[in-house]
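**Student:** Each chain is listed here by its residues.
Protein chains: 2
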Amino acid sequence: MALVVQKYGGSSVADADGIKRVARRVVDTKKAGNDVVVIVSAMGDTTDDLLDLAGQVTPTPPPRELDMLLTAGERMSAALLAMATMQLGVQARSFTGSQAGVITTEQHGDARIIDITPSRITSALAEGDIAIIAGFQGVSQSTKDITTLGRGASDTTAVALAAAMGADVCEIYTDVDGVFTADPRIVPTARKIDAISYEEMLEMAASGAKVLHLRCVEYARRYGVTVHVRSSFSTKTGTWVTADPATLATAQRSTNSGVRGADEQGEQMEQAIISGVAHDRSEAKITVVGVPDKPGKAAAIFEALAAAEINLDMIVQNVSAAATGLTDVSFTLPKTDGKTAIKALEKAKADVGFDSLQYDDQIGKVSLIGAGMRSHPGVSARFFAALAATGVNIEMISTSEIRISVVTRAEDVDTAVRAVHTAFGLDSEQVEAVVYGGTGR
Amino acid sequence: MALVVQKYGGSSVADADGIKRVARRVVDTKKAGNDVVVIVSAMGDTTDDLLDLAGQVTPTPPPRELDMLLTAGERMSAALLAMATMQLGVQARSFTGSQAGVITTEQHGDARIIDITPSRITSALAEGDIAIIAGFQGVSQSTKDITTLGRGASDTTAVALAAAMGADVCEIYTDVDGVFTADPRIVPTARKIDAISYEEMLEMAASGAKVLHLRCVEYARRYGVTVHVRSSFSTKTGTWVTADPATLATAQRSTNSGVRGADEQGEQMEQAIISGVAHDRSEAKITVVGVPDKPGKAAAIFEALAAAEINLDMIVQNVSAAATGLTDVSFTLPKTDGKTAIKALEKAKADVGFDSLQYDDQIGKVSLIGAGMRSHPGVSARFFAALAATGVNIEMISTSEIRISVVTRAEDVDTAVRAVHTAFGLDSEQVEAVVYGGTGR
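Protein chains in written order, with our numbering: chain A, 161 to 601; chain B, 161 to 601.
Just so you know, not all the hints are guaranteed correct.
Example chain A residues on the side facing chain B (calculated, C-beta under 7 Å, incomplete) [stated by the list, open to error]: (1) 235; (2) 236; (3) 239; (4) 240; (5) 242; (6) 244.
Once the Cα atoms are required to be at most 25 Å apart in a straight line, the calculated SDA-like pairs of lysine to any residue come out as [stated by the list, open to error]: (7) A:191 / B:219; (8) B:180 / A:301; (9) A:507 / A:459; (10) B:180 / A:210; (11) B:304 / A:251; (12) A:304 / B:288; (13) A:304 / B:219; (14) A:304 / B:299; (15) B:180 / A:219; (16) A:509 / A:473; (17) A:180 / B:206; (18) A:304 / B:247; (19) A:503 / A:536; (20) A:304 / B:258; (21) A:495 / A:478; (22) A:304 / B:250; (23) B:304 / A:301; (24) A:304 / B:571; (25) A:304 / B:304; (26) A:304 / B:280; (27) B:304 / A:250; (28) A:495 / A:564; (29) B:304 / A:286; (30) A:304 / B:286; (31) A:304 / B:256; (32) B:304 / A:258; (33) A:370 / A:181; (34) A:503 / A:542; (35) B:304 / A:287; (36) B:304 / A:275; (37) A:304 / B:261; (38) A:304 / B:303; (39) B:304 / A:261; (40) A:304 / B:279.
Note that these hints are calculated values from the structure, not bench results.
For glycine and all other residues, C-beta sits at the position ideal for the given N, C-alpha and C.
Using the sequences and the hints given, assemble the complete structure.
**Tutor:** Right under this line is the structure:
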C-alpha cells in the first residue's frame, strides 16, 4: 500500500468551504487505496492576523510566547479538517507537531528540524485512520516548548515527514496548477512544467519562484523525496520534482529546443535545455564606492556583513581605476536586511576606508534556469541578445552551471521576463495557466 | 509571601486593550509582594466563533477534534497576556492546561478534574515568574488527549489550582463589581454583598445568579478556598466567598434586619439574615396530567426521566382528587432538556398510564436566599406577602433551609424580584451597581 503525504497551504483552507473541499480530496486519495498523512497550514490569513494581534499588545513579542500564539492557527485547521473528513465517513485524527514527533532546535520563530519520530502517526495509519498534522510547528528537544519553524516551513515539514516515513510521494497542494516556465501573471503564455530536477527547482526557488520554498526543495533533494506540486482546485497532474525528471517526460512536454532553433520538430531525446524564467523584486543593491584596491579590503567588507548575519546574493567588483587605485564593490541582498547592512558598513568605514555607500531598492533580478545549458554553448549569448533587443539595461551578471541571472531596473522586469521566455521558445500557443488567486502559496 | 491565583474571563480580555489592562492588574498584584498565578479564558466571543466555524464544517463535530479546536482560544489569550506582562517589564510564561498539570477524565467537552500536579507552575514561581495558564482545558489521564472541562470551567480550574497550591485567595475577575443582592439590571438599587458563605453562594448560583458557576463554588467549599469575586475594571473590593463571612463583615455591610423591621439601627452581631434575591428564566415546566394515585406511578415517571439523564429542579405533586383518584405531577427542568424529557415521558406513557403532558416554557423562578432564615420564623410569610401585594401569582413553591423559591410567570419575574428586594430592606439609598456590559461572566 502506497503512503502519500499531502500538504495543503493556507489558501487551500481559507474557509469552511475550502476545508470541505480539501477533505474530499483527502478522502479520495484514501479510497484509491493509499495510506494518507496530511500536513495543513493555518486558514487563510490567520497567521498574519495573530501576528497583528500580538503587535497590538507589544512591539516586541517574546519568541516563546509568539510561538505559543501562532501555533493556535494550525491547530485549528488540523482539527477542522479532521472533522470534515470524519463527516465524509472516514476516520481521521488531528495531531500537533509535537504529537507527530517533529523534534526541533529551540530557536523560536525559526527552529530547524532535528529529527522526526512519527510513532503516533504510524500507529494511527495502522489503525486505518488518516493522520492530519498541524504544520509549521514542532517541539524543542531541549526545552520541551512548542516551536515554529519559520515562514514557508509547512512544505518542509511535509517533505521531512515523507522522508522519515519513506512515503512514495509528497504532494504539495497550492492554488496554482504547478511550477510554470515563468510567473503566469507576467507571462500569460507560460507553460506548466511536467517534471523538473531538484537542482533546477532549487535555482528557480532561489531566483524568485515562489511556488516551492527553497528549504523544502533542499530537504527533498537531500533525502530523495519525490515531490508533486499541484492545485487543490483541480485533479490535473502538476509538476513532479525529482532526481531524474527525464524518466517522467510525457509526450506533452515542452519540446523547446533552445539554441537549435524554435522551429525544430520531433521528440526531445534529452531533458529540455531550459526549464524556465524566474524573477525577483525582493532585493536591493548596495554599492560600496571607492574601496582602496588593496588586499584585505574587500574581505573586511564581507566580514562586517557576515558579522551582522546578512545573507548576500550577487556580488560584483569592478576593475579598479588605474589612476585612483580605487574600486567599487556591489552586492545584492534582501530589502529587509538593507538597514542592518548599511549600519554594519558604516561601522566598518574607518577600517575599510571607502568613500561612500549607495543604496538602490529599485532593482529586479531575472534568471534563466536550465540543466541543459551546461552542455549547450550559446545560451548566454541568446539570453543577452533577447534583453538587448528590448532595450533593457543589464546592471549585474551572475551565473552558475544551470542558471544565468541579471540585475535590471525593477520596472523592466516584466519586459525582460517576457522577452527571454519568447526567445527560448517557451511560449505556449495559448494561455495555459489558471491563476486562482493568492500568491501561489 | 502570599500566593494569589487570579482568573480573568472572556469579557475582561475581549481585545488588545483588555489584555493590556489585565496585564497591569497582574503586575500590580506581583509588585505588591505576591506570587501570582493567572488562569485566563479565551478572548471575547472566541469560543462561540470557533464553535460556529466547526458547525460550518460538520453538524456533528467529533468531541476529540472539537476539544483540539476550542483549546486554541485559551492558548491564544494566555500567550498574549504573557506578552503584555513582559512588555511591562515583569517575567511571565504561558502554559497550556496540560503543561500546568490539570489531569482530567477523558470525557471530551465535559471532562472532570481528577488531579492537579502543578510542578511546572511551582518551578516558574520559584524563578520569580508569573505563571499564566490557559483555562477551560486539561489533559486526559487515560488517552493523553487535550480535553475541555465544560462551559464555565475556567472558574473551577482557578479554584482547583488554588486548592492544589494552597493559595491564600482565588480572585475571580469579571465585569461586575461582585455578587449583588439582586441582578442590578432588574433592581438598580441592589447592593454589592461584601461577604457570603459557600452555602448561600451555592444557593444563589443554583437559583440563577450567574456571577459564579455552581461547580466552582462547590469546589471552593469542599477544599476551603477563599474566593474573591471582583471587577477587572476597578480596584474596589468585591464579594468574599468563604466559610465564615461574618468575620469579614465590615461597617458598610447591609444591616438589613429581616423580619425585625427595616428601621432597626445598630451593628449586626450576627450575619445578615438575607443575602439576596436570585431569578432564573432558563427553566420550563412539565406537568404530567392525570397520574393514577397508586404506589410506584410517580417513581416510574422519575425513573424514565433519570434514564434520559434529565436534571430536575423543583417537583410538585398535588393531592389527588378523591373523585378521580388521579393527580398531577409537575416539575421544572432546563429548557434545553425539554424535548428529551417529553420524549422520555411519551415512551413511559403506557407504563405510567397518565392522561396527557403539558409543556410550559414561560415560567420564571424567584428565590430568596439567606443563611439567617433558618433561625428566623416569619421570613416565608413576609416573602409571600410581598408577592401577593404586587399581584404576582405563585405557581410552585420549593424551599431549603436557607432558600425559598417560587415559580411565577416569566413576565412577572422582574416585578417579583423588586418587590421581595424591597420587602427585606435590601434596597440601598442610591444606585450602587456599575454594570460594564456582558452577562457578568
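**Student:** Confirm or reject each hint.
**Tutor:** Hint-by-hint comparison with the structure:
1. 235: holds, 5 Å
2. 236: Since chain B brings a Cβ to about 5 Å from residue 236 of chain A, closer than 7 Å, the hint holds.
3. 239: holds, 4 Å
4. 240: holds, 5 Å
5. 242: holds, 5 Å
6. 244: holds, 5 Å
7. A:191 / B:219: holds, 23 Å
8. B:180 / A:301: violated, 32 Å
9. A:507 / A:459: Distance ~15 Å between residue 507 of chain A and residue 459 of chain A Cα, so the pair holds.
10. B:180 / A:210: Distance of about 16 Å is within 25 Å: holds.
11. B:304 / A:251: Cα-Cα ~19 Å, so holds.
12. A:304 / B:288: Judged against 25 Å, a Cα distance of about 20 Å means the pair holds.
13. A:304 / B:219: Judged against 25 Å, a Cα distance of about 36 Å means the pair is violated.
14. A:304 / B:299: holds, 16 Å
15. B:180 / A:219: Holds, because 13 Å separates the two Cα atoms, which is no more than 25 Å.
16. A:509 / A:473: Holds. Residue 509 of chain A to residue 473 of chain A sits at ~22 Å (cutoff 25 Å).
17. A:180 / B:206: Judged against 25 Å, a Cα distance of about 22 Å means the pair holds.
18. A:304 / B:247: holds, 24 Å
19. A:503 / A:536: Status violated; Cα separation ~43 Å.
20. A:304 / B:258: holds, 13 Å
21. A:495 / A:478: Holds, because 23 Å separates the two Cα atoms, which is no more than 25 Å.
22. A:304 / B:250: Answer holds: residue 304 of chain A to residue 250 of chain B is near 23 Å, not above 25 Å.
23. B:304 / A:301: holds, 19 Å
24. A:304 / B:571: violated, 56 Å
25. A:304 / B:304: holds, 16 Å
26. A:304 / B:280: OK: residue 304 of chain A and residue 280 of chain B at ~12 Å, within 25 Å.
27. B:304 / A:250: Cα-Cα ~23 Å, so holds.
28. A:495 / A:564: Holds, at roughly 21 Å.
29. B:304 / A:286: Holds, at roughly 19 Å.
30. A:304 / B:286: Since the Cα atoms of residue 304 of chain A and residue 286 of chain B sit roughly 19 Å apart, the hinted pair holds (cutoff 25 Å).
31. A:304 / B:256: holds, 13 Å
32. B:304 / A:258: The hint holds at about 13 Å.
33. A:370 / A:181: Given that 25 Å is the threshold and the Cα spacing comes to 24 Å, the pair holds.
34. A:503 / A:542: Violated, at about 40 Å.
35. B:304 / A:287: holds, 18 Å
36. B:304 / A:275: Holds. Residue 304 of chain B to residue 275 of chain A sits at ~22 Å (cutoff 25 Å).
37. A:304 / B:261: Satisfied, since the Cα-Cα distance of roughly 15 Å is no more than 25 Å.
38. A:304 / B:303: holds, 20 Å
39. B:304 / A:261: holds, 15 Å
40. A:304 / B:279: Holds - the C-alpha atoms of residue 279 of chain B and residue 304 of chain A are around 15 Å apart, at most 25 Å.
The structure is inconsistent with the numbered hints 8, 13, 19, 24, 34, although it conforms to all the rest.
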